[in-house]
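K.L.:
Order-wise, the sequence lines are chains A and B.
Residue numbering for the first sequence follows this note's numbering, beginning at 1 and increasing consecutively.
Residue numbering for the second sequence follows this note's numbering, beginning at 1 and increasing consecutively.
Hints may be right or wrong, so weigh each one.
[Stated by the list, open to error] What the simulated footprint calls covered on chain B by chain A, stretch by stretch (three residues with Cβ under 8 Å from a Cβ of chain A suffice, anywhere in the stretch; the number is not a length):
1. 78-89
2. 92-106
3. 109-116
4. 131-143
5. 270-276
Hints in this document: simulated from the structure, not taken from any laboratory.
Just so it is clear, the structure is predicted and the values come from calculations on it, not from any experiment.
Backbone N, C-alpha and C define an ideal beta-carbon position, used for all residues, glycine too.
Protein chains: 2
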Amino acid sequence: MDVARVSGVSYATVSRFLNGNPHVSPEAAERIAAAVRDIHYIPNNAARSLVRQRTQTVAFVMHGEPESITTDPNINTIMVNANRRLSDAGYQLVVLIADSDEAGERIARLVRSGFADGWILNNLQVDDPLFTVFRSVDAPVAVSGAGYGESSPFPTVDIDNREASAELTRYLLGKDHRHIAYICGPEFIPCASERLHGFQEAMGDNFDPTLVVQAEDWGRASGQKALLELLQRLAGASSDTAPNVPAVLKQQHIDALVCGNDCLAAGAMQYLIAHGVRIPEDVAVAGFDDSPDAQATNPPLTTVHQPIGQFGVQMADMVLNQLEGDEAPSIVWLPTHVVVRHSA
Amino acid sequence: MDVARVSGVSYATVSRFLNGNPHVSPEAAERIAAAVRDIHYIPNNAARSLVRQRTQTVAFVMHGEPESITTDPNINTIMVNANRRLSDAGYQLVVLIADSDEAGERIARLVRSGFADGWILNNLQVDDPLFTVFRSVDAPVAVSGAGYGESSPFPTVDIDNREASAELTRYLLGKDHRHIAYICGPEFIPCASERLHGFQEAMGDNFDPTLVVQAEDWGRASGQKALLELLQRLAGASSDTAPNVPAVLKQQHIDALVCGNDCLAAGAMQYLIAHGVRIPEDVAVAGFDDSPDAQATNPPLTTVHQPIGQFGVQMADMVLNQLEGDEAPSIVWLPTHVVVRHSA
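In isolation and in its complexed conformation, chain A is listed as follows (with noise of 0.2 Å):
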């Protein structure tokens, strides 16, 4: 009313004008523009929530190392599939980054005070203090990656890690190698564990425990360094010498690789090749996720698929359910298949 006071605009038109809402003059736009500067309007985003008791907002929590966050290749494609189906049903999606123990706190605050209407959690650990936060509250949640599977407390998105990666062993395995070795993604990741179980499952008696080697995190840096860790072990190297890649493959008769992800297997790659191993005529390497990085390898990954953007689509969907009072699936599996390509 202030506003529409001082620019002698009706109090419909400055509403209009405050709302979006095209249908106001550019004169009166104009006028209304300059009162809001003149008399330091007060944003009433606050006042409106408080009326309508709804933000109109669906909370996107990216959790991570800053590290992970830059590389992952999944995660835009995740947030803006969930953003173009939120939108589409009128709510904003607002991204939230948990890098930190204190980003949680303040996320934990922000689930407290009403913040958002529901809340996408993307790669939730099961561990994480927000958990319990999101016990303690009302409002509707969806969650992917936790590694809980059916046993979750809230509506999950996932695929079935183990079998996919069994999947492809079995693959692997049905052009007769038999000595495989393993990159496994970071530790306390459930997901990069399920891979490795599957494998090992689907590796019965040739499973073994000396070719797997873990990564630091999902990077391209560290299945490099994972590939050249595990050739040192194997050759009885200390950690500073460099070991003669293809005659230690020879010698473990590892015909082979398989990676937690494809930016693990994208660096394993480079390095075999830098090194004068020819893939797949000396090596078979596949990887995980099917990612853009699977086709810009040479040659092109053998991986599996996994349908990323509908992650976003569901826990997008499962969060709207909710709202509109129904209930959400307790779990959403998601299909894989395993996509043949060049280098196995």
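Chain A is already provided as a structure; the job is to place chain B on it using the hints.
P.N.:
Positioned in the frame of chain A, the structure of chain B alone reads:
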């Protein structure tokens, strides 16, 4: 006060719990949480904002097509760095995605309604309707990638794209390359045309407009596609004929290829290698950005380094300056330099 009454816990303790203060006994926390559930406690974030007239949030707007947001290798690095800086200053970064006209309109409403205390606009283009919206409100703003340069209406962080590209080109000229092809970033992106201008300036009389081709977006696939289009055009071939790549390059004396960014270069390089062209022996290739892609290619990419994370830090600082009542610099130029690897 309702929660305090129902839970039998003091108002001060309830307030501490709801504000995320850890000094609440587990037993009290349990009782407060139960009361919050029982009485369906109404979110108080809106009320708190109204009392304080500050939301303690800064919005980060990601502009671009959905495809460019999912393939941009820099955007999350900028976001994570802005988040850290704002977080240290007690502000919560909230990310909004402006990937469609409707999203832009929704964000315009949020701007007018005081959704956030400040705004970071990443890759906002000069003709974006949000520019007009921000002119009409009194909120702290910082922008990057707008291509306004010194004449930006808002505090701006940028690099000198033209000079950086010229420097890279002079490096190639110094290596005796004279017939240099150029894959330009997408139309309407100011930095893409600035980089082309810098290339043209440095080439001088050696500049040959028939060796310039435009990519559809910044992704690897577009790099491949643009190169194919250029080769077909140079060979006078129709778009459904596969050119003899080494023959066309030789016939046209093309000895180097500069690309508007690293992803375009990675895509073009993959295509060249797949068609038997040796890099750098037959054709030198250079990119721009020094993104992770530049080290993932084989051979690694000669490129222009820009300090990506600093875009986030500087934009955050500009908004914080304004929030504290200080003046932000109208423009901060970030330094760049040529990084020589093995591709050129």
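K.L.:
All hints are to be evaluated individually against the structure, with a verdict given for each.
P.N.:
Status of each hint after checking the structure:
| no. | hint | verdict |
| --- | --- | --- |
| 1 | 78-89 | holds (count 5) |
| 2 | 92-106 | holds (count 12) |
| 3 | 109-116 | holds (count 6) |
| 4 | 131-143 | holds (count 4) |
| 5 | 270-276 | holds (count 3) |
The structure meets every hint from the earlier list without exception.
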